[in-house]
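Chains as they are written, first to last, in the numbering used here: chain A, 1 to 426; chain B, 1 to 278; chain C, 1 to 286.
There's no promise every hint is true.
[To be verified] Below, a list of computed lysine-lysine pairs in the BS3-like style, where the Cα atoms sit at most 27 angstroms apart: (1) A:K347 / A:K50; (2) A:K174 / C:K132; (3) A:K396 / C:K65; (4) A:K231 / C:K206; (5) C:K132 / A:K234.
[What the hints assert, rightly or not] One side only, chain C facing chain B, incomplete, derived with CB under 10 angstroms: (6) Y9; (7) A13; (8) P26; (9) I69; (10) L71; (11) V72; (12) V77; (13) R120; (14) I142; (15) S143; (16) M221; (17) G244.
[To be verified] Non-contacting residues of chain A with respect to chain C, defined by C-beta distances greater than 12 angstroms in every case (computed): (18) E46; (19) Q355; (20) Q383; (21) I424.
Derived from the structure by calculation, the hints contain no laboratory data.
Glycine is no exception: its CB is placed at the ideal position from the N, C-alpha and C atoms.
Each chain is listed here by its residues.
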Amino acid sequence: MRLPSLGATALAAILGMSSAPAFAQPTEITLWSWNVAASSLKSTLEGFNKQFPDIKVNVVDLGNQQVFDKTLAACAAGGDGLPDIVQFENFEAEIFWSRFPDCFTNLKDLGYTSEIQAKFPDFKRTELEVGDVAYAMPWDSGPVAVFYRRDFYEKAGVHPASVKTWDDFIAAGKKIAAANPGVVMAQADFNGDSEWFRMLSNEQGCGFFSTDAQSITINQPACVATLDKIKQMKDAGILTAAIWDEKVQSNTAGTVASQLYGGWYEGTIRTNSPKLAGKWGVYLMPSMTPDGPHAANLGGSALAISSGSQHKEAAWTYINYALGTDEGQIAMLKSYGLVPSLLSAEKQPFVSEPQPYWGGQAVWTDILGTLPKIVASRGTAFQTDADGIYKATQTKYFAGGYPDAKAALDDAANQIAAATGLPIAQ
Amino acid sequence: MKSQSRSTLIRSLSLHAVLIPLALVWLFPLWMMFVFATMPDYGIFSPQIELLPSTHFIENVSNLQADTDFIRALIISIGVAITYTVLSVLLTSMAGWALARYSFVGKSLVIAIILGTITLPYFVVVIPQFIMVAREFKMANTWIALIVPPLFNSLGVLFMRQAFSMMPVELFDAARVEGVKEWQIFLRIALPLARPTMAALAIILFLASWNNYLWPLLINSRPGMMTAPVALGTLIGLTKVSWGGIMAGAVLLTAPILVIFILLQRHFIAGIAAGAVK
Amino acid sequence: MQLRNRAAYGFLAPYLLIFAAFWIWPIISSFMMSFQNTRINPWVFSPGANWGRLFTDPAFYNALKNTMIILVIQVPVMITLATVMAVLLNSPLLKARGLFRFAFFAPVVVGEVAYAAVFRLMFNLDFGIINKLLNSVGIASISWFSDASAAMALLIIAVTWRWAGYNTIIILAGLQSIPGDVYEAATLDRVSKLRQFIYITLPLLKPIILFCVVLSIIGSMQLFTEPMLITNRGGPGGGTETLGLFLYRQGFTSLNFGYASAIAYTMAALAILISLLNLWVGRDAK
């Protein structure tokens, strides 16, 4: 049945695409990743191949949603067609472990000892381990910050340090829009994502599910306040809708003054808008009250090894280098701004250096400083159900389909309960 | 007589006054695809209105090639579409021949099944089909899985059956009297006569396979085996992606089939129109 | 005679083999899955888990509503347009016939992915040519991807662009099969062209137009690639999620095969219902 792959190889050879030299037999492993994460992995390869010249790592950028879809499809097919290593977003990872417990390898069998596990914070590991099985190794985390255009803020006379609350953010947004025609304060992906809700609710200690994953908490007061605040920002005209690529285009075109995202967005801005060096800065996310929490997490990934991999040892060697050493993690932080979750990497000198792109601001000190304050938020195995229901509810709420945010989220909670069978927390 | 020709002129003018703008609107997306494919990204995302092509097509193609191995995907698509078309025309011709020219037990059942599957949404089948091919048969990421399941094609059989039943029966009976075997009658007499019908069917099937998206997306998880539409689809929504490159890919995907369309318009239209002729 | 007819099985065998191997089992299996709770390992028989949920799930009704909006708006608009195009293309007064045919028929061959990409660029919020053209005549930019009604309009525009020509081809073939002498008497009686069209052409075309309607309805029911690629997986927030996409999301994103199968059979039932309705309408004419 594997005749076809023979055909593909022959085809590749004809086209001169075969890259394996005739004299050596390096182990070749394939890895699925996306966007800047994929690019940052590529930046570790030079250092990795100095130590391990015999392992060739082939990083494939498939896009976030494609990696998810294709991995699910491949696991549903019994694991056939998976690459050696797959990237997971932490909050979606549990879907895989719960539905396909045999699709990925227990890293503990390959050398993921408890000493290595202890090098990562607990909140990054909860979603990656089930009992004694460790399915994936933590990679980066996404401490949230506001990325802002210094020049736009200055022109409006807004000092970022004075933006303490979301109400300040709204007021500042109106000033900035008035002073910079054609510029909007911030953008949210109301079309295909729920990122603003997830960031703000996490800051306020709320989420779709409770941290023990046993109940639905989306209609708790802190979540209701979050949705209410997002609607206020939208109605004030300071938060407009833009999908991921539109945000990137707006950054480059200079039509947006701020973006709220996890720390990993640093690399997206810096590498996509290189001409704007010196114009961007970073400040802590506002809160509901001036003395409220100013820390949240969005995104953050992990790497796992498929059960069907023919080169598990080589795959583990690479993961342990890229994620488990300061050298690998700092290479990714430098190249694309992926925030290490490896605790020791935070003490590396690079973290406290001023960054030229960011106008000499030591952005990593500021961003990583919020890490200890982040409240864990659990994705659970029902993440995609809850997220889909939330997005539909948000759209309907914005369109006036509910009297208030409480009614909207009560409805969302009921729908999630129907889809998952979990109880709604009282 | 004079007033007649004047009213004809007015009718002709008003006809073109309606059709020309409509045709321009209809051509606009195709034209823009071509224009985008020749523009650098800063041109696509510029605040000006750009309606004329630029000079960056080759550059965009090489950007595309860097984002995904598109040339390889195109070659795979060509191979898959040709194989699929040949096999499918053969299979549907054989089935159409059987249904047109023989009476046998179960014939009405077979016809009922074929008619039934036309109204059946493909989505009823796709999930279990995927599970079965991938998990039970262990055939994910094989050419067989890519090509064989879509070979079951109801409209094609009905189309061929129609063509065969319109041929004069004397032709075949004469051959039978001379002792020619059934499969030889099919191959030597019936198939050559059905050539125009087969050409029309082949073009439609080639088009369907060339543009097929869902099944190859599901069944092929290996990036090296992606067909061109799937390879292009993976780029939409990526961050660091060249839109000029995507558009160049769209042009590379569309241009060959447009050329086929122009050259073989008659067969093409016959193939589509056949859906209606019962 | 019997012996000769046995050859038929030989001719049919490969085709039916593929049907048996890749279609029969999936159709049955899909039906059985729809009665199982596939959210847990191992699956258990629990008809309420899917069928019970389906009829109380707002997301299902949302997808059904979106599909129905497309059916009710897009299909009639497209068929009317296709009929107009076919009649105009059939006019003996037409110059440069090949060019016009190319304009209307070419979208039929454009792959879904290619045209999805073009439409995404054309309707981009800040840089899309459509909003720029709107701005140049004084209309404010429309947020095509973030506003649910605008996204639905975009979807309808895109699908109409792509499929109108397909129906035009079929209707044009129908027009050309109407013998010319049907009109001769009418022309002699000085019946206007418009009245000829309404009283002669349309009734003769009725079966063909109904056929196009059925094809379009079945196509719209299964609409998947366009909302997947153009409006970002049925965005905003499910505003353009069709039944096909809803099924895909349940099956391949949330991995709830049982629920997806229940949705699939509901779609099948709807398609059969609508086809029967059409047969009934068609029969009524005679």
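- Query: Hint by hint, which ones does the structure fall short of?
  - Reply: Violated: hints 4, 9, 10, 11, 12, 14, 15, 20.
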